[in-house]
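Q: Sequence:
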Amino acid sequence: MGLVNTRETGFVNAIIAAGITFQVTRACTKGEQIGCSCDKRKKRKHRKKGPPLPEGDWEWDGCGENIEFGIKKSKDFLDTRYKKKK
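Heads up, the sequence shown is in full-length UniProt numbering, so the first residue is 1 and it goes up one at a time.
No lab work stands behind these hints: they were computed from the structure. Yeah, the Cβ is synthetic: ideal placement off N, Cα and C, and Gly gets one too. All clues stand as given, with none of them false.
List time: in silico DSS-like cross-link candidates among lysine-lysine, alpha-carbon distance up to 25 Å:
no.	residue 1	residue 2
1	Lys72	Lys30
2	Lys83	Lys72
3	Lys73	Lys83
4	Lys30	Lys75
5	Lys30	Lys73
Taking CB as the label site, the calculated pair distances span:
no.	residue 1	residue 2	range
6	Lys75	Ile34	11 to 21 Å
7	Val4	Ser37	31 to 41 Å
8	Gly31	Arg7	36 to 46 Å
9	Ala27	Asp79	13 to 23 Å
10	Gly64	Val4	32 to 42 Å
11	Lys30	Phe77	11 to 21 Å
12	Asn5	Lys30	32 to 42 Å
13	Ile34	Val4	29 to 39 Å
14	Leu78	Glu32	13 to 23 Å
15	Ser37	Arg7	28 to 38 Å
Based on the provided sequences and hints, a complete structural model is requested.
A: Here it is, written out as C-alpha cells:
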C-alpha cells in the first residue's frame with residue numbers, strides 16, 4: 001500500500017519535519033549530536049545576572065543553534081521513503 005498524497009498527509013509530514021529539525025538542532029546545540037558544529041553566523045551572548053553592569057560586560061552562553069544541520073538531517077531522514085532504491 002503506497003502513500004496517498006493529500007493536504008492532510010502534507011500537513012502531517014510538515015509537522016514531523018519541524019519536530020525532527022527542532023530536536024536535532026537542539027541536540028547539536030547541547031553537544032549531544034555527533035558530526036555537527038555551532039552556528040558560525042550567530043554568537044550568543046547574554047548579560048551577566050545581577051545589578052546593571054558597564055556597557056560591554058558580557059558572558060559567553062555556549063553554542064549558537066545550527067538550524068541548517070537540523071534541516072539537512074530532517075530531509076535526509078524523511079526523504080528516504082521517496083528516493084528510488086538502486
